[in-house]
Amino acid sequence: MMENRLRVLRAERSWSQQDLAERLEVSRQSVNAIETGKYDPSLPLAFRIAELFDRTIEEIFTSPSRRSSGAI
Numbered sequence: 001m002m003e004n005r006l007r008v009l010r011a012e013r014s015w016s017q018q019d020l021a022e023r024l025e026v027s028r029q030s031v032n033a034i035e036t037g038k039y040d041p042s043l044p045l046a047f048r049i050a051e052l053f054d055r056t057i058e059e060i061f062t063s064p065s066r067r068s069s070g071a072i
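The sequence shown maps to residues 1 to 72 in the working numbering.
The set of hints was computed from the structure by calculation and includes no laboratory data.
Heads up, the beta-carbon is just placed ideally off N, CA and C, and yes, glycines get one too.
Among the hints, erroneous ones may be present.
Stated by the list, open to error - Pairwise CB distance ranges, derived in the manner of DEER restraints:
#1 R13 to F47: 11 to 21 Å
#2 P44 to M1: 10 to 20 Å
#3 S65 to S14: 32 to 42 Å
#4 S16 to S65: 27 to 37 Å
#5 D19 to S65: 26 to 36 Å
#6 E22 to S65: 25 to 35 Å
#7 S65 to Q18: 26 to 36 Å
#8 S27 to E51: 15 to 25 Å
#9 Q29 to L52: 16 to 26 Å
#10 L45 to A11: 17 to 27 Å
#11 E12 to G37: 16 to 26 Å
#12 E22 to S42: 11 to 21 Å
Let the hints inform the model, and build the full structure from the sequences given.
This is the structure in structure tokens:
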């Protein structure tokens with residue numbers, strides 16, 4: 001599973017999980033599962049998340065292999 005900065009980015013905007021879910025057109029449970037690392041988003045959803053936060057996918061999501069090598 002990938003690590004992500006979704007919770008931090010959401011908190012910076014004072015959005016609840018429900019607020020973010022509505023903006024992404026997914027369930028609050030999906031947002032929670034992504035934030036806690038229990039679910040990796042599909043590529044289209046990852047792009048929507050990146051666009052919503054005006055970031056690249058790589059700025060939000062980090063793969064375990066990149067994390068262990070010390071790369072970002």
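Status of the given 11 to 21 Å range, CB of F47 versus CB of R13: holds, 19 Å
Supplied distance hint 32 to 42 Å, evaluated on CB atoms of S65 and S14: holds, 33 Å
S42 and E22 - C-beta distance against the hinted 11 to 21 Å: holds, 18 Å
S65 paired with Q18, Cβ distance criterion 26 to 36 Å: holds, 33 Å
Distance restraint evaluation - E12, G37, Cβ atoms, bounds 16 to 26 Å: holds, 19 Å
Range agreement (Cβ of A11 with Cβ of L45, hint 17 to 27 Å): holds, 20 Å
Status of the given 15 to 25 Å range, CB of E51 versus CB of S27: Since S27 and E51 have Cβ atoms about 19 Å apart, the given range 15 to 25 Å holds.
Distance restraint evaluation - S16, S65, Cβ atoms, bounds 27 to 37 Å: holds, 32 Å
Distance restraint hint 25 to 35 Å, applied to the beta-carbon atoms of E22 and S65: holds, 33 Å
Cβ separation of Q29 and L52, checked against the hinted range 16 to 26 Å: Given a distance of about 18 Å, which is inside 16 to 26 Å, the answer is holds.
Hint check for M1 and P44 - Cβ pair distance inside 10 to 20 Å: Taking Cβ atoms as reference, P44 and M1 lie about 18 Å apart, which means the hint holds.
Supplied distance hint 26 to 36 Å, evaluated on CB atoms of D19 and S65: At 32 Å between Cβs, range holds.
Consistency with the previously given hints is maintained throughout, with no hint failing.
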